[in-house]
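Novice: Sequence:
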Amino acid sequence: MIKSKSLRRFLAVLMVAGISLSVVGCSSDKKETSQTPETQVAESNFTPVEFTYSDGAKDYNVKVEKPRQKAVTLSQFMTEMLLALDLGDKMVGTALLDNPILPEFEEAYNKIPELKVGEGHSISKEGFIATGADFVSGWDSSINEQTTGSSDELIKKDITPFMAKSYNPDATVETVYEDFELLGKIFGVENKANEVVNKMKSDIKAVTDKVGDIKEEDRVKMMVYDSGEKDAMVVGSGLANNLIELAGGNNIFGKDADKPYINVSWESIVAKNPEVILVTDFLAGQPVKEKIDFLKNHPALKDVPAIKNDRIYVVGLADLSPGVRNPKLIEEMYGYFFEGNK
1 MIKSKSLRRF
11 LAVLMVAGIS
21 LSVVGCSSDK
31 KETSQTPETQ
41 VAESNFTPVE
51 FTYSDGAKDY
61 NVKVEKPRQK
71 AVTLSQFMTE
81 MLLALDLGDK
91 MVGTALLDNP
101 ILPEFEEAYN
111 KIPELKVGEG
121 HSISKEGFIA
131 TGADFVSGWD
141 SSINEQTTGS
151 SDELIKKDIT
161 PFMAKSYNPD
171 ATVETVYEDF
181 ELLGKIFGVE
191 NKANEVVNKM
201 KSDIKAVTDK
211 VGDIKEEDRV
221 KMMVYDSGEK
231 DAMVVGSGLA
241 NNLIELAGGN
251 NIFGKDADKP
261 YINVSWESIV
271 AKNPEVILVT
281 DFLAGQPVKE
291 KIDFLKNHPA
301 LKDVPAIKND
311 RIYVVGLADL
321 SPGVRNPKLI
331 EEMYGYFFEG
341 NK
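Numbering of the sequence shown is given in this note's numbering, commencing with residue 1 and proceeding in unit increments.
These are computed hints drawn from the structure, not numbers from a lab.
The hints are all genuine.
Calculated pairs, EDC-like style, for lysine to aspartate or glutamate (alpha carbon to alpha carbon, straight line, at most 16 Å):
1) K185 - E195
2) K156 - D59
3) K296 - E229
4) K221 - D310
5) K210 - E339
6) K125 - D152
7) K157 - E126
8) K221 - D256
9) K66 - E50
10) K58 - E145
11) K205 - E332
12) K221 - D303
13) K111 - D89
14) K165 - D59
15) K199 - E331
16) K63 - D152
17) K221 - E339
18) K230 - E267
19) K58 - E153
20) K289 - D310
21) K328 - E245
22) K192 - E181
23) K192 - D86
24) K58 - D140
25) K111 - D86
26) K296 - E275
27) K205 - E245
28) K185 - D86
29) K255 - E216
30) K205 - E331
31) K156 - E145
32) K201 - E181
Since we're looking at a predicted model, the values are computed, not measured.
Whenever a hint applies, use it, and build me the whole structure from the sequences.
Specialist: Written out as structure tokens, the structure reads:
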């Protein structure tokens with residue numbers, strides 16, 4: 001994947017904001033997860049799960065013989081996915097927020113120990129081991145020999161590594177549903193997973209019904225700007241592109257891209273003439289107002305409709321990531337595209 005400075009740091013080393021750099025280990029408020037009678041019943045009725053996990057170099061067949069009890073999440077979207085499944089009491093460590101946690105999850109989130117972060121904005125292996133985790137998930141670069149132990153180490157210790165399929169370049173919202181369903185099986189909460197998926201489907205249908213069978217030429221030409229000055233880092237393929245399509249938008253860089261984020265020239269933006277520009281906001285990135293001011297003052301963009309008509313809107317990076325935020329983002333983008341909402 002080609003990355004600009006800001007997103008390259010985000011995906012490669014998992015940027016964080018609001019987390020103090022410190023020595024390895026977990027915060028002192030870490031609580032042990034006790035096994036409740038409900039958990040014991042879940043184990044007795046648990047159906048073993050098998051799935052394929054890839055660390056980018058090798059594929060592994062992962063077997064889960066009993067429901068996971070101690071999860072560590074190293075990406076915001078996975079943190080919120082587990083909280084949506086009411087698994088806060090099964091979470092023993094978390095790190096690396098992109099945006100403020102969703103309000104409905106704040107209470108549960110604040111009870112989860114926050115992993116300390118060291119040089120390079122990554123957790124320490126010692127800190128991870130201290131959690132006693134039996135499940136870990138995050139961005140691809142968050143699970144490695146230095147931070148959590150290698151894939152082989154994890155599997156040997158019966159620690160389940162999980163990489164969401166909705167992180168892949170060809171992902172759609174249907175892939176997000178598949179991830180929720182698999183997580184439901186891994187943690188023994190399949191009914192809750194189905195409930196979450198059905199709610200997402202219902203909320204998205206409310207928007208897609210309004211979009212209807214919109215013709216390609218009637219879709220709003222738009223782009224998502226992440227960062228970059230020499231050239232622009234923009235959304236290409238993948239889940240974010242699919243969310244845009246569901247909202248009635250035409251991502252001008254989506255059709256020919258084979259990666260979720262690509263670098264493009266300012267000349268190509270001018271040639272494609274977007275009517276709307278979305279600008280990503282994330283805690284560890286450049287302030288979003290500075291990015292918007294940069295676009296508005298870029299001499300090459302002065303005649304682009306989105307700039308001339310001030311149709312520039314802000315989206316959280318966490319909203320573009322897989323998870324429960326996706327329906328709300330689709331609704332918001334529909335408003336930006338067709339109702340001129342600010």
